[in-house]
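The chain contents come next:
2 protein chains.
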Amino acid sequence: MRGVPPPPDKRITQPDSVYFSFPKLRWSVCHLRQLLPTIGISRGLGAPVPLAYADDAERERLQQGIDALTFEPLDGRPPMTWAQSLAANYTDGILVLHRDRVVYERYSGCLAEDGVHAAMSMTKSLTGLLAQILVTEGALDEHARVVDIVPEAAGGAYATATVRQVLDMTTGVRYSEDYADPDADIWKYSAAASPLPKPAGYEGPEGYFEYLAQVQPEGRHGEAFHYKTVDADMAGWLVARASGRPVNELASERLWRPMGAEQDASMTVDGIGTPFAGGGLSAGLRDMGRLGLLMLDEGVIDGRRLFPAGVVRRIRAGGDPARFGTAYPALVGGSYTSLWWVYPGEHEVIAARGVHGQTIYVDFTAQMVIVRFASFPKPQNTLIDPTSLPAFQALASYLRER
Amino acid sequence: MRGVPPPPDKRITQPDSVYFSFPKLRWSVCHLRQLLPTIGISRGLGAPVPLAYADDAERERLQQGIDALTFEPLDGRPPMTWAQSLAANYTDGILVLHRDRVVYERYSGCLAEDGVHAAMSMTKSLTGLLAQILVTEGALDEHARVVDIVPEAAGGAYATATVRQVLDMTTGVRYSEDYADPDADIWKYSAAASPLPKPAGYEGPEGYFEYLAQVQPEGRHGEAFHYKTVDADMAGWLVARASGRPVNELASERLWRPMGAEQDASMTVDGIGTPFAGGGLSAGLRDMGRLGLLMLDEGVIDGRRLFPAGVVRRIRAGGDPARFGTAYPALVGGSYTSLWWVYPGEHEVIAARGVHGQTIYVDFTAQMVIVRFASFPKPQNTLIDPTSLPAFQALASYLRER
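These protein sequence lines are chains A and B, in that order. Just so it is clear: in the first sequence, position 39 is 39 by the UniProt record's numbering, and no numbers are missing. Just so it is clear: in the second sequence, position 355 is 355 by the UniProt record's numbering, and no numbers are missing.
Please note: incorrect hints may appear among the correct ones.
As the list claims (entries may be wrong) - Calculated pairs, DMTMM-like style, for lysine to aspartate or glutamate (alpha carbon to alpha carbon, straight line, at most 20 Å):
1) Lys-10/B - Glu-203/A
2) Lys-198/A - Asp-9/B
3) Lys-198/A - Asp-114/B
4) Lys-198/B - Asp-16/B
To be verified - Label pairs and their in silico Cβ distance ranges:
5) Ala-180/B - Gly-155/A: 40 to 48 Å
6) Ala-200/A - Glu-203/B: 15 to 23 Å
7) Pro-217/B - Glu-113/A: 17 to 25 Å
8) Glu-113/A - Lys-10/B: 37 to 45 Å
Said to hold, decoys possible - Which residues of chain B face chain A? A few of them, derived with a C-beta cut under 8 Å, are:
9) Gln-14
10) Pro-37
11) Ile-39
12) Arg-241
13) Ala-242
Derived by calculation from the structure, the hints in this document are not laboratory data. Just so you know, these numbers come straight off a predicted model, no measurement behind them. By construction, the Cβ of each residue, glycine as well, lies at the ideal position given by its N, Cα and C atoms.
Please work from the sequences and hints to get the whole structure.
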C-alpha cells in the first residue's frame, strides 16, 4: 500500500478476507499493526546485542555456494537451486546461522532488516517455549488438569485435560475449521476473538479466554494429535495464570530483554487486550534468529543462560510419533510437543512453523538455524514443504562439509 | 486493565466514548495500541544514546528542592508545592532537563520508563517541526497554496490557503467541534478517520485526506488563529507530499533514528494506514525529552546537528499575537506558529501541548526543558494551566539560581 493516500484500487483494509487475500497478504504480513490493535513485546531500553557474522569474504563465498545448491523437490518437480526456491516459496526474509554465526541473510518482498513480519503459527512455539520454561522450572505442573490452574474452565471440555495434553495438542475438544460450514467453531471463535466492536445483539463469548472456557468435548484427551489453534491459546492462558503475566510480558522478561533483541515485537489482541498466543506474533527476522540460537544452544545466548538446558532437551525428546498421524506427509514419523514440531529422520530437527511458510528450523546435527519469513499465497505447508525441506537438508549437508 | 482475563467490570474497550472516559482514560493513555491500529516510528536498530544526568547526589538534592517549591495557582487556589501539583494535574510522568542534563524524573499512574504515553495534540508540534524543517531546507514553500502541493484539494476550502496559514492555523475553513450538534463536522471527520470497518451504506470520505479535500470555507484565510485539528492533518498531508514519506517515516528518518531514541514511538492510523498527524502519537517520556533538547539547542543533540538552527529560530520568532485571540487566558499575548505554542512574557518559552495536560515546555532563558505526560480527567488545558504555568515559572527561577 503506497501513496498519500493510496489510490482506491490499491487500498488494503479490514476485514481479514481482504487483507489476507493474495496478493494483498504479501503487504499485510509486514504491516499487521496498521490493521489490528496490538500489544508490545518490549526489548527494553538497553543496547541490542549484535549477532555474530562470518567475515565478509567468507559470507560472500558461502552466499554464492548456497544460492547454487541444488535439490530435488518432494513433489516431482525437476531439480531446483536454493536461489530458485526463495522465489518459489515467496520468501520475504531468510537468515541462516551456522555454529552461531550468520552465514546467509536476504530480504525481499515487504521485509527489510528493520521491519517485522507476521509469524502466524510460529507464535504457538513461542508460547510453548514459555510454557516449557515454566514446566521445567517447576512453576507449571504438566500433570495438573487445566481446571486446577484455570478454574474458569470448569464447565468446558478443557477442564479435565492435562497441561501436557494441551502443550502436545492431544486434547479431545471440538474445534472444526470447515470454512464452508456456517456452524463451524472457527466462526464462533473468530467472533469472540475479534478486536472490533461486537455487532448489536451479540451474546457469544468475549475474547479468547471466554471462548476457551466453553469449548465442547470431542474424542478423548491424550488419544491423538490434532493440530488446533485453540490448544495454543489455552496454553497461553495457562502460562499467564502460572506466571502472573500475559504471554507478551513474559516473552519480554524471559526472552526479548535478556537475549538483546534488536526490535520490539508485537502480538495482536482480542477486544479486551488478550494477546493471541496461537498466532498473533510479529517480529524481526534477526530476533527470530536469536530464538533459534537459544534453541540450538539449549538456553544460552552470547554466553549467558536464559533458561535451563532441560527446556530444549524436553522438546528435542519429542512427543509420541504413534499419535502423530499422517496429516503432514513430509513429517510422518515426527511429532509435536510443547507446541514445537519435531521432525523425523537422521538429523535432529525441531521447528516452529507458520501457515504461509514461516519457520524457525533448528538442525542440531548440523549446528544450523534457518529462519524464514514468507507469504506463500495459499495457507498450506503441504505445498511449501516440497520445495523447503529438501533445500534445508541440502544446506545442512553443505554446511557440515565446510 | 489487569487479570487474565480482566473481570467484566474492569474491561476497557472500544469505542472511544468508553476508553477515553475518566477514570478509564488513565489506563488508555498508556495502551492506545491495544485499542487501535497503529503505525510505528522506528528508532532503528542501533544502540540508544543515553541522556546526560546530573550526578546522583546533585539529583537527590535538586529533587528535594524542586518538590518543595511553592507557587500560587492562577485560579485563586491557595499556594501549592511542586509535589502537590503533580497529583493535582494527574501527572503520569515528568522529566526536567537543565543545561542539557536530567535533573528531575518521576513516573506514576500507568507510565514507567519503558512505557509510552499518548501525546494527543503534542503530535501537532511533531508534524509542525517536520514541516518547518522542510520549509527551512527549501523542500516546502511556505508561500505556496495547498492546491499547488496537493492537487486533490482543488474542490475544497483548503485549496487557496497557503502552507504558512495551515502551519499557523489561520485558515478559514469550516470545522465545528460542537459535540451536542449531530451535524457538527467533528462527527463526519470521526467517521472518515475511524480505522474500524465503515457501516453498511457509508458514503462519506474515507480517511483523513479524503475528508480534508472536501472541507468547506468559513471566514477568510489568514485572518485569525482558530485552533483546529484538521489544519494539523492538512500539514501532515503537505509534509508527506513534499517529502515523499508519511509523517511517521519522516519522523523516524529525521528525528527518532538520529537522536538516539530509546523506544520506537507509534501513531494511530485511519482505515487506509494514514498516520493521525493531528493527535495520534504515543512515545516514551525520555524520547519526548530528546525532542525538547533539539528545540532548546536549535537542532543539535549529543554534539550532532539534525536540522538547521533556523528551524527553531523561526518557531521562536512566533506568529502574529494580534491574530491569537483570547481563547487561552493564560497565553494571551502569545501566538501559535508551525504548530507550536509561543508563550507571552519575559521568558522565551515555546511549547507543545496535549489536551489532557501533556507538554513539552522549552524555556530558552532558563535553559530548561520540561516534558510532562498526564491524564487530567477533563480535556481542557484551561483547567490545567493554572496549576502548571506558575509551577513551571517557579522551577525556571529556581534552576536559574542554581
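Next on the checklist: Output the indices of the hints that this structure fails to meet, ascending.
Outcome noted: 3, 7 and 13
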